[in-house]
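Colleague: In case you want the letters, here they are:
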Amino acid sequence: MKRAWFFVLLAAGCGASPDDLFVIGGRVVSRLGAGLDGVPVTVTRTLSAECGDGQQLHQQRTADGGLFSFDLLRVEVSPFYRGGFMCTRLGTGFEASGTTVWSDFYAFPNALTLPDFNDWSPGFSVAADGGVQFEPVVPEGTSLEPCAGNFPARETVVHAIRARVDGGLWWEQSDHQSALRVSDDGGVGPSAVGLSYLPVPLELPPEVLEDRAVELNLEAQRLGCVKVAGNGAGPGLAEPYEVVTRWSSTEKVLAQGHTVPVSRGARCLGLSFNPCPLTDGSPAPFELPETTNNLRLRLPYPAAVRVIVLRGAEVETGASSRLQLTIRSGDDTLTVQDDTSQVALDSIVFIDAERALQRDWRRIVLPRPMQYSDDIELELNRNFVRLGEVSLFE
Amino acid sequence: MRLGVLLVLLAATARAQDAGTADVAPPEQLSALNAPLPEGALDAGATADVALELTVDDTGHVTAADAIADAPPVLLEAARAATLALTFRPATLAGQPVTVKVRYVVHFEGPRPLPTADAGWAAHLTGRVTSKGTRDAVSSASLFVDDAGTPAAETGPNGDFELWLEPGKHTLSVRAAAHAPGTFEEELKPREELQVAYRLVRTVLNPYETVVRDTADRAEQARVQLSGPELREVAGTQGEPLRVIMLLPGVTTPLSGISYPIVRGASPAATGFFLDDVQIPQLYHLLLGPSVIYPDFIDRVDFYSSNAPVRFGRVTAGVVSAAAAKSRDDRVHVSAYVDVLNAGAFVEVPIEKTGTNIAVAGRVSYTGLVLSLVGKALAANSTPVADFYDYQARVEQKVGRATLRLLAFGSSDLVGSRADDPMNPSSFVTSLFHRADLRALIPLGPGTLEAGATVGFERQGLFTEQLGQTQASFLMSRLTAGGRLRYRFEKGPLQVKVGADLERQQSDIGLELRTASSLFTVPRTLGVFGGAFAELAFVEGPLTVVAGVRGDSYLLAPSLYRFSVDPRLEARYRLTPWLMAHAGAGLFHQAPLLLINLPVTDAAALADGLHEVAQLSAGVEVRLPWGLELHLDGFYNALLAARERSLQQFASGISTLDDRLAATRTGRSYGLEVMLRAPAKGRLFGWLSYSLMRSERLRRFGVYTPDQTLAEQREAMLPFAFDQTHVLNLVAGYQLPWGVKVSGTFHVNSGRPESGEFSSRTARLQRTDDGLYVWQVVPLDQVDRLPPFWRLDLRVSKTFLLNEVSLELYLDVLNVAARQEVVTYSYGYAQLAGVAGATVLPTKTPQGIPLLYPSLGLKGVW
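So the protein sequences, as listed, match chains Z and U. End of the first sequence sits at 394 in the working numbering; the numbers just go up one at a time, nothing left out. End of the second sequence sits at 1256 in the working numbering; the numbers just go up one at a time, nothing left out.
Careful, some of the hints might be misleading.
Unchecked claim - Looking from chain U toward chain Z, a few residues come up when the C-beta cut is under 8 Å (computed):
#: 1; residue: 760
#: 2; residue: 1049
#: 3; residue: 1052
#: 4; residue: 1098
#: 5; residue: 1116
Don't read these hints as lab results, they were simulated from the structure. All C-beta atoms in this analysis are idealised placements derived from N, C-alpha and C, irrespective of residue type, glycine included.
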């Protein structure tokens, strides 16, 4: 409201100054919540939409119980007349566990206290049946402070297992759990003061590994609502602000898949590539020459398709999470809908300065096998820009 | 006087050679004889003839007039003087002009005796002489009956006259100063009683004469005082006296045409606005529109660009002090106007029986109708809204020797956009205030005591509506209550003023969302401000010295106190009748400032300390020939403690590197002002004002590398966000015949810094490693200036004088050339069409606001 009034009053084009200050601070703590002093916290910046380890701007070591605070100038963290994107990352690493934790920003509020950067050793393991065991990144019972007044305290914590083949991301699956607010009696609502994680079992179906030797590791993401501090100049209006914190554990598990898709080596009709990059067993994203919602495959041999796996399917942002798939196999046609709400950790992918895509990983089990055929057509309710791999299984 | 004309031509005596049978044509009189009868030369009813011989040369001029008969010397001299001024068509001989002598007799008649009241047969003529188009009496007007040489009567103070005349037809001529003579024909019967009303047309239409009713304050300090057409007829001001301030030296504005004065480089909130010493939060509707006080309610506007009198406290830059019009007890006064966007009226009623005077005024806009047509024309899905109203009321009551006055006034503005579909939100900005002031003026001892009490309310903010209900609002409001005491007396060359004032301010901020209860509340802010002053003036001959001191206290409840002491000294000395010098110095304090005065901001920010300015000024006033005045002034203002908060910081919560310096910031402003003025006497008025000035603040800023990292921090004294080095105004107005007046205003200003505070931030092209050119923002000490700007305002009006009403039809256009002032630049990149590859071209596009304000209206005064 104040911002709107500000722009109404000063509609002559005044506004952002390169010297604007953003005061960003936080705390580095152990797994048990104790402040850790002497830990280096780094601010890095990339001159693109892709966040990552870029140019280092500032570094300081935590003190006074694990605290850190940076004064960032707008000119350092905003393109400011240059156009394009600029991503700023604040992060640190824990020597003992090897876990790194960071938060990425494309824009900053005036003053912000980040959620704690806490250490995390998940003790991650994968059972033979695909079940994944780990400790959650946010300890059970963590206190939750509401953002401001009646503004709901919202927390979403996602753990994702990531499978890599030849360094490329082959599969990502998360426990897509949210709404972690609980009250003393276990209910949820504005009065919630404790944070309890209600995990959904994470299992790796056999198809997702295919027959590849896969390196698995665990990452976590927390979407938290924090309070932007008033600066004391005006009335001190405090506003809620959402911050995403990411953890990447260095614990790794090697796994060997044994399932071969019937679509391996299939020809992609309509694409003049041989072998087809969508069925070659490589995770590299392939940019479709023209965005399309229709894929036609000529299998090496006829098969009755029952399971479909889409890897790294990237569409323009804003697509509905409900996927509708029509599969035609010979004379057989079946339409299914998949409501699986996958929360991909890097769900927004920038392919150029202006185009952002959302990336999806889907395993769709059909209610019945399709007709035996080698000619398979997939029609979806969205246009794909890029796709890693399409795998069909019997 | 009676003019007697009798021409007798006896013979033409030709000096030419005898031409035998050549034709001789006598001279022909071309000009009328004007031979006034010398006073007392003849008794009533007497006559006399003066015979002269005139020599008329071959050009028709009279070169000699010689008496050819005896005549009283005084009549002879009058006749000679009159005939020497005659012109003739020269006499001709055979077609050629020749010199001739002719005989000429001038006949004089003494004044016709008028009957007296005792003459039972005489007609009684009574009447009143007034200025046409008004009800103003014309006193000391002379009435001449039937071209008599001496006036038969003279009007009294109320314009009344009385005459006894012979029955029959008479011609009455009425002559008065500053009026065109009037001639009236009357036919009277024996013993007839006839009452008439004669109306004379003013030679210079000036319905706004300033009438001085009080003894001028001899200790008035150096200031510019405007009156008459200088307040009402300046082009581009819509007849608003308070807008004329913007055209005086030392005054600039954030955007040309907007009436938000920046005086000598100070923040706009550092200038105080007062109506009869009651401070008001804003002067104009919507910053661009009419003033919040009806023009007829203002008798005088005093503008102090610096060193304002000590009675004005807690203000550190200029003071605009409007004096409410004094009550007039002669009759009812009414004026009203209507123009394209708003209408207003003023009514003043004296009640003689009770010694009461009541005046009310107000105006209201009907912009909705016009703007809805604009919205439809633009095919927009919303309608712009710009509604306002204001009101003033004054009741003055004599109580014995004292006078009680109640003054109430207020204003409301509503700006925004109303969605045509009620399902869509509509957004508005609102600003309103109300004031009520009760004042008593009591003669006490050798002087006058003034006691006053004021209450006020103001609110500013914004809100959104949907389906007729408020969805969200952010409003700041303030309730004020205060009192003041002042005593003034004079003894010989000394004039003493003492006084005190106290004001309590209670401010609230509220943010409400319809979908949730208020998520934001700020404890009510309570501020108490008090002050006391003493001023001693010494006025003796050419020297005037005024020394004053003021103390103020500031309290932010419960326990934050600030105190200040403001000494001031002003001296004026008239070196010669045409040259006066003046100088002044003073210390001024004020609560911390935002760009504009907002409720709560000043009291709430007291923790920052007080804004402190030391002012020095000196100048001369020179009276030039032709009634011109030249004012030269120099000033230096040292901001010892610049407590000017960033509006961005207040509104968005984002602070800057520079804000870290706020607690120790200083600044300065200095300059030279010139004003050449032709005061409003007669048909012409105008002035030329020029300011050369600089306003600076100590700033902390970053210096960046080409890849936008911070290289270092610097501090330097840099131009203020509103600094404009050159400002020139040329104002001129002239009254043409037939009641037509024209005026024009030409304004030029140099640009302010493109520092990013109220504009874009200067960027320059930088070549990157991969050969591209990108915009690179520059540090604060390297910014450019926005381009200079000029505009032309024009006003034309035609006055129609009816019997007791004058109507003025006017057209006043601000920025008649519709020029756009560049207020910011847009830096970006454009794809180069038709070129292979991703080629982008850096672009720098000026963006301006075409502020054009035409005002077409009709005003009537009765």
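Colleague: Work down the list of hints and note, for each, if the structure agrees.
Modeller: Now for the hints, and whether the structure bears them out:
Annotation: residue 760 of chain U was flagged as interfacial toward chain Z, and the flag is violated, the nearest CB pair being 23 Å apart, outside 8 Å. Proximity of residue 1049 of chain U to chain Z holds as hinted, the smallest CB-CB distance being about 5 Å (cut-off 8 Å). Given the 8 Å rule on beta carbons, the hint for residue 1052 of chain U holds: about 6 Å separates it from the nearest Cβ of chain Z. The interface hint given for residue 1098 of chain U is met, as the beta carbon of that residue sits about 5 Å from the closest beta carbon of chain Z, less than 8 Å.
Taking 8 Å as the C-beta cut-off, the interface hint given for residue 1116 of chain U is violated, the closest approach to chain Z being about 12 Å.
Violated hints, listed in ascending order, are 1 and 5; each of the other numbered hints is respected by the structure.
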